[in-house]
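J.: Work out the full structure: start from the sequences and follow the hints.
Here the protein sequences come in this chain order: A and S.
Just so you know, we're using the UniProt record's numbering here: the first sequence kicks off at 1 and counts up by one.
Just so you know, we're using the UniProt record's numbering here: the second sequence kicks off at 1 and counts up by one.
Errors might be hidden in some of the hints.
As the list claims (entries may be wrong) - From the structure, some residues in chain A lie toward chain S, with a derived Cβ separation under 7 angstroms:
hint : residue
1    : G81
2    : T100
3    : T183
4    : A184
5    : R213
In case anyone wonders, no lab produced these hints; they're calculated from the structure.
Values in this document were obtained by computation on a predicted structure and should not be read as measured data.
Ideal Cβ positions, reconstructed from N, Cα and C, are used throughout, including at glycine.
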Amino acid sequence: MSVLKRTTFKLIQTKTSHPMCRIRRLSVNMKAAPNNEKDKNKQTHFGFETVNEEEKWKKVHQVFETVAEKYDVMNDAMSLGIHRIWKDIFMHRLAPTHGTKLLDVAGGTGDISFRYINYLKNLGPPPESKQSSVTICDINQSMLDVGKLRAQRQGYTKESCGVDIEWMCGDAENLSLPDDSFTAYTIAFGIRNCTHVDKVLEEAYRVLAPGGRFLCLEFSQLPNSTMQWLYDQYSFQVIPVLGHLIAGQWKPYQYLVESIRQFPDQEKFKGMIEDAGFRQVTYENLTFGVVSIHSGFKI
Amino acid sequence: MNKLPRAFCSLRKNHRFILPLSFVPLNNTQRVIRSYCKNNEKQQKEMVVSTISSDQDDHQYEENVKEHILAKALEFVPKTGWSIESLSQGAEAAGYPGITHGLFPNGGGDLVHYFNVKCNEQLVEQIKSWPKEGLKESKLPVQLIENAIMTRLLMIQPYKSTWPKAMAIQTLPNNVPNSLATLLSLVDDICYHSGDRSVDFNWYIRRVGLAGIYKASELFYLTDSSQDSTATRNFVKSRIRDAELIQTALNMNPVSVAPQTLSAAFVTAKNMLGLNTLK
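T.: In C-alpha cells:
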C-alpha cells in the first residue's frame, strides 16, 4: 500500500513538470514498485530521491547525456570560473613526472587529461626510456565525444604532445583493465555519481601499481555552518535557475546540488578510502571546503 | 523450594537464620555479574591493545617506505638538487613509480629535513664514542664543542654545491618549524653531551648562543675553499672564544651593576640639561 501511495504522491508532484517527463516517471515508478518490495536494502539515493540501484545508473546516465553539450559553459557559470582553478590545483598536487601512466576516470571532457598533458609538456622533453600515457575512461559515450572533439580542436594528439592518449567507455565500478597497470588514478567530480563508491575505490586500488597514487576531486561539506548556509542558498536558489536559463534544463542541476549534499563529508570519505586499502590518506579543502582533494597511496 | 520449609523452621527458631538464606543468592548473582564485567574489561583491553599495535605497525610500515625513498633520493641530490625531481628519482630507485614523490607534500623541504635529522643522529652516535675526559672541570669544553660543530658541518660536504639552496628552502615559511626543530635538537645534543646540566637561564643562553655559532659557521663554510676546511675551523674557534668572552662578561653580573649605571647616566643627563643648578 505504501508503495502505491508513494507512486501517486510522486505523480502529483510531477504534474507541474513537462508531460513527457511525467510519462517517463510513471513508467519508471511502475517498474520500480515490485522490486521495492522484494529487496529494500538495494536502494540508493539519486539526489534527495530514494531510487532503485539500477535506476540510479540510468538516471545519472540521462543527466550527463543531457548536459554534455553545455557542460563547460554551465561549469563556468555555476562556479564563476573557479572550477578551472580547482582543476589546476588538483593537477599541481598530482605533480606527474615523465613515465606516469594515468587513468582519468569520469574524465570524458578531458579537463584533467589536458591539464596533465600540459603539465608534462612544461616539465621539458622526456627522457627516451620514459613514455607517459593517459587513459580517459567515462561511462558516458556522449561525454567522451565532447572530449574527443575538444582534443581534436585544441591539437592534443599523440604526435604533438608525446603522450599516449586512449579513450575508453567503461564503468568505474567494473573496469576492464588489468591489475597494477597504472601509476596514477584521478577522478574529478565523478565519484559522487557512482552507485557504489566502495566498489569504485576497490577497483582503483586494483588497477594501481604499488606506489601508485589515488587522487579525487569532489564537492564536499563546509566545516563552517554560516558558510554552509550561504552555499546552500546559492546551490538551491541560483544553480537550478542558471541551468534552466543557460542550458534549458532544470532537473539535472537540481540533481547536481542534491547529490552534493548526499555525498559523505571529508572525514567519512577519508575513512572509506582507507578501508579500500590506501595508505597515507589525506585531504585538502579548497574554497572553504566547497570541494576537497582526497589523496591516497597504494604502498 | 527445599529451602522454603527450612526457612519457616528457622523463622520459628531464630530470626538470624533467615538472613543468610536470603542474602546468599543475592551475593552470588552479584559475584557473577562482577566476574562478567571483569572478563569484558579484559577482552576490551586486549582488543584495544591489538588495534593500537596494528596501527603502530601500519604507521611504522609507512615510515619505513618513506625513509627508504628519502635515503635513495639523497643519492640524486648532487645532480638534481633538493627537489621533487630527486624525490621521484629516489622513488624509482626504491622500486616505486616516480609519482610516489607525492608522499612528500613539502617536496624538497621534506628531503632537507630528513637529511638534517639523519645527520643529527649520526653526530650523537659519534659524540658518544668520544673520550669524556675534562668534562668534569668547570671550564668550558671548548675542544669538544668545536669538534662537534666541525663534524656536523663536514657532513654537508657531499652536498656542498647544492647546500645554499637547501638553506634557502629551510627559510621558506612552511619549512621553518621543521628547520628550527632540527637546529634546536642539534644544539641541545651538543650541549648535553658536552656536560651541560643547567636548569636555569643559562640553558637558554647556551643553546641560542651555540645555534648562532653553528649557523654563522655554516654560512662561512659555504664559501670556504681552503685545504681541509681549516678556515672554517679557525672561524668556529674564534666564534667560540667570543662566546666565552660574553659569558665571562655575564658572570660579572651586570644586572646588579645596572641600577648604579642607570643612576649615573641619569645624573649626567640632568647635569647636561642644567637641571642640577635649578633648586
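J.: Against each hint, give a clear statement of whether it holds in the structure.
T.: Against the structure, the hints:
{"no.": "1", "hint": "G81", "result": "violated (26 angstroms)"}
{"no.": "2", "hint": "T100", "result": "holds (5 angstroms)"}
{"no.": "3", "hint": "T183", "result": "holds (4 angstroms)"}
{"no.": "4", "hint": "A184", "result": "holds (5 angstroms)"}
{"no.": "5", "hint": "R213", "result": "holds (5 angstroms)"}
Violation of the numbered hints given earlier is confined to hint 1; every other hint is satisfied by the structure.
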